[in-house]
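S.K.: This is what each chain is made of:
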Amino acid sequence: MLSNINKKDIFIYLGVLAFALIAPNVFSDYRIQFTFWLILIILAITWNIQGGEMGYNTFGNIMFFGVGMYVCASIQIGMFFDLGQWTVSGGEKTFIHTPDQYFQGLWVGLLAAAIIPAIIAFVIGYGVLGLRGHYFAICTLGIGIASGELAGGIEIIGAGQGMTAPPWPKDIGGTEYRNEFFYYLTLALFVMTFVFIKWLYSTRFRLVLNAIRDNEDKAEAMGIETMRYKITGWVISAFFVGLAGGLVGNIVGYIEPVEVAFDGREMGVFMVLMCILGGKGTLWGPVIGASVFHIFKESFWSYFLGWQYVALGVLIIVIVVYLPEGIMGFLRDKKPEWFGEVMDEEDRKAQVTLD
Amino acid sequence: MDLLIFEHPILIVQALMDGVLLGILFALIAYGMALQWGVMNIINIAQGELVIMGGYVAYFLYMNGIHPAFGVIVSPIVMYFVGIGIYKLVINKVVDKDLFTSILATFGISILMMQLMNFMFGADVVVAQSNFGTTMLFDNSVTLPNSKIFASAISVIAAIILVLYMKKSKLGRAIRATAQNARAAKILGVDTEKVYASTFGINAALCGVAGALIAITFTLHPYVGLPYTVRSFMIVIVAGLGNLPGVALSGMGLGVFEEFADYLLGTEFRIASVFLLLVLILVYRRFKLARSREYLK
Numbered sequence: 001m002l003s004n005i006n007k008k009d010i011f012i013y014l015g016v017l018a019f020a021l022i023a024p025n026v027f028s029d030y031r032i033q034f035t036f037w038l039i040l041i042i043l044a045i046t047w048n049i050q051g052g053e054m055g056y057n058t059f060g061n062i063m064f065f066g067v068g069m070y071v072c073a074s075i076q077i078g079m080f081f082d083l084g085q086w087t088v089s090g091g092e093k094t095f096i097h098t099p100d101q102y103f104q105g106l107w108v109g110l111l112a113a114a115i116i117p118a119i120i121a122f123v124i125g126y127g128v129l130g131l132r133g134h135y136f137a138i139c140t141l142g143i144g145i146a147s148g149e150l151a152g153g154i155e156i157i158g159a160g161q162g163m164t165a166p167p168w169p170k171d172i173g174g175t176e177y178r179n180e181f182f183y184y185l186t187l188a189l190f191v192m193t194f195v196f197i198k199w200l201y202s203t204r205f206r207l208v209l210n211a212i213r214d215n216e217d218k219a220e221a222m223g224i225e226t227m228r229y230k231i232t233g234w235v236i237s238a239f240f241v242g243l244a245g246g247l248v249g250n251i252v253g254y255i256e257p258v259e260v261a262f263d264g265r266e267m268g269v270f271m272v273l274m275c276i277l278g279g280k281g282t283l284w285g286p287v288i289g290a291s292v293f294h295i296f297k298e299s300f301w302s303y304f305l306g307w308q309y310v311a312l313g314v315l316i317i318v319i320v321v322y323l324p325e326g327i328m329g330f331l332r333d334k335k336p337e338w339f340g341e342v343m344d345e346e347d348r349k350a351q352v353t354l355d
Numbered sequence: 001m002d003l004l005i006f007e008h009p010i011l012i013v014q015a016l017m018d019g020v021l022l023g024i025l026f027a028l029i030a031y032g033m034a035l036q037w038g039v040m041n042i043i044n045i046a047q048g049e050l051v052i053m054g055g056y057v058a059y060f061l062y063m064n065g066i067h068p069a070f071g072v073i074v075s076p077i078v079m080y081f082v083g084i085g086i087y088k089l090v091i092n093k094v095v096d097k098d099l100f101t102s103i104l105a106t107f108g109i110s111i112l113m114m115q116l117m118n119f120m121f122g123a124d125v126v127v128a129q130s131n132f133g134t135t136m137l138f139d140n141s142v143t144l145p146n147s148k149i150f151a152s153a154i155s156v157i158a159a160i161i162l163v164l165y166m167k168k169s170k171l172g173r174a175i176r177a178t179a180q181n182a183r184a185a186k187i188l189g190v191d192t193e194k195v196y197a198s199t200f201g202i203n204a205a206l207c208g209v210a211g212a213l214i215a216i217t218f219t220l221h222p223y224v225g226l227p228y229t230v231r232s233f234m235i236v237i238v239a240g241l242g243n244l245p246g247v248a249l250s251g252m253g254l255g256v257f258e259e260f261a262d263y264l265l266g267t268e269f270r271i272a273s274v275f276l277l278l279v280l281i282l283v284y285r286r287f288k289l290a291r292s293r294e295y296l297k
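First to last, the protein sequences are chains A and B. For the first sequence, my numbering assigns the number 1 to the initial residue and increments by one for each residue that follows. For the second sequence, my numbering assigns the number 1 to the initial residue and increments by one for each residue that follows.
So here's chain A without its partners, still in its complex pose:
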């Protein structure tokens, strides 16, 4: 696997990794922001498997995020206490996790937060991924919102009021330590996701996904069982998005159905937007898009509070209308040689513009 990484790339990877390891310690006040930066990148690169590589624009990946969040927190609590009483009594005041219980619960919870969304993706995949184009987009939009509304009606996980995730155990260090712990956990998840997807994109799998995007009927006619690949792709996304959801639940500490877990208006749109902003169908596009978007979002959300949705709406329109190919597409247009595309000087001269 390492053989397909060339020398120039290694410097980029080391640079990013060094930044991710050093920067949060230098700017330790912003460690939570760095954590969310990584989460957003994870959401964007997993969305890219559907939206970018496969051409299936989903608004429904947010469901896996929310399910992961609820599953992780419920298992963390349910392993040691009565979940119903926890939500009724406001949780953390009556029941206290010891550090051992906390970490056991966290590992098991995260495992389940990855597996259960993947199973859901597998089960509904056959029905939903058979839809094409805008029918798929609207159907997944419906799934995302319906899951939020359903979670808002289930009593045991706190219904509309939401529930609290288990608080950080008191005796092993304060909030600083907690933030540091979750930052490195998120970083580990990010590295895992990125390496896995990088490997995935070097296999035949990516070619099949691209074939589906370019012409699904033709891909089927070539003998590819497209449904199997589509479901596999969705299961992979669900796995990592669920894990990210489980982590976010613990970082935020408070889980609410419509505003935190199944937040189609924030995270659900963000992942689409970041991916398009960076450039669909590339490995680095979503990473760049998420980074740019995170900077934009943090500055707007903190300095123009109340106007953030106006800004978001305008941003969506501007990106969709004026930058549909994203930053990577723009660069590819201007500097094709950066992408290994060789253009003869004679060809360039021979180009004629029709206007």
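Fair warning: there could be bad hints in the mix.
Covered by chain B, according to a simulated footprint, are these stretches of chain A (three or more residues, beta-carbon under 8 Å) [unchecked claim]:
#, stretch
1, 120-134
2, 150-164
3, 308-318
List time: in silico DSS-like cross-link candidates among lysine-lysine, alpha-carbon distance up to 25 Å [to be verified]:
#, chain 1, residue 1, chain 2, residue 2
4, B, K97, A, K334
5, B, K288, A, K218
6, B, K168, B, K186
7, B, K97, A, K218
8, B, K186, B, K167
9, B, K194, B, K168
10, B, K93, A, K334
11, B, K97, B, K168
12, A, K8, A, K334
Hints listed in this document are in silico derivations from the structure and should not be mistaken for laboratory results. Backbone N, C-alpha and C define an ideal beta-carbon position, used for all residues, glycine too.
Model the placement of chain B on the given structure of chain A, informed by the hints.
M.R.: Just chain B now, with coordinates in the frame of chain A:
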């Protein structure tokens, strides 16, 4: 959950009547959606926000001491210009792109409008009182607010006016020609750009009528637009584009479904049931269509 509806069968009549009256309103919104989908090939996620904004126009009249029923006249006029404005600013740039582009762009418009309405009218649930009174049927066991009857009557009238306009007027003919074949219409001298703008404006005006009626019969809130979009999308895919009786029937069917879901599952699952029905319809449609694509084994 005590299923009240089984203990008192008269509630079935109540749910049916409520559902039909509600469904006529949904059908009006869906007709606008079908219009722009058929003519411009865009799916407008901001449809529900246009409806709610139309409702707030009526509410604005009500706040200034004018009877909200006049909103039925004022609101479409205001919304027509809002629609033209949205078209000129955004929609004309996405008309010829693929459908997902228009879905995402109108999603952006929807978020923007939601927040603007939140700024202007606050995040409270509001209602414009019409004081039309109530009609009692079957020994006072079925109650029908007159405002709902008024709303359905106005919806039917609006739909009839629109159908006649599309059949008789010059612009209506141009719109229908563009829907059939935009290129051919352009060659034959139809200003398609203008047709698109008017189509979007007419759709917004329809939403304005529906919104004004919703303001007097139900409640308004800046964030409840999306369910209306989803309902109209659902009605259009069940009925098919350009099938007017189908739109009316499936609208009423959806209204009845919602009222029964409300009684059987509880009000907290009402919106969830709408979205789940959307998913079910789409998946059912997918399997129905897939039957005609068979493989050689």
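S.K.: Please go over all the hints and tell whether each is borne out by the structure.
M.R.: Verification of the supplied hints:
1. 120-134: holds (count 6)
2. 150-164: holds (count 5)
3. 308-318: holds (count 8)
4. K97(B) / K334(A): Between K97(B) and K334(A) the Cα gap is close to 23 Å, so the pair holds against 25 Å.
5. K288(B) / K218(A): 21 Å, holds
6. K168(B) / K186(B): 20 Å, holds
7. K97(B) / K218(A): With Cα atoms ~23 Å apart, K97(B) and K218(A) stay inside 25 Å; holds.
8. K186(B) / K167(B): Since the Cα atoms of K186(B) and K167(B) sit roughly 19 Å apart, the hinted pair holds (cutoff 25 Å).
9. K194(B) / K168(B): Holds, because 18 Å separates the two Cα atoms, which is no more than 25 Å.
10. K93(B) / K334(A): This hinted pair holds, its Cα atoms lying about 23 Å apart.
11. K97(B) / K168(B): Measuring from Cα to Cα gives roughly 31 Å; hence the hint is violated.
12. K8(A) / K334(A): 21 Å, holds
When the structure is compared with the earlier hints, a violation turns up for hint 11 alone.
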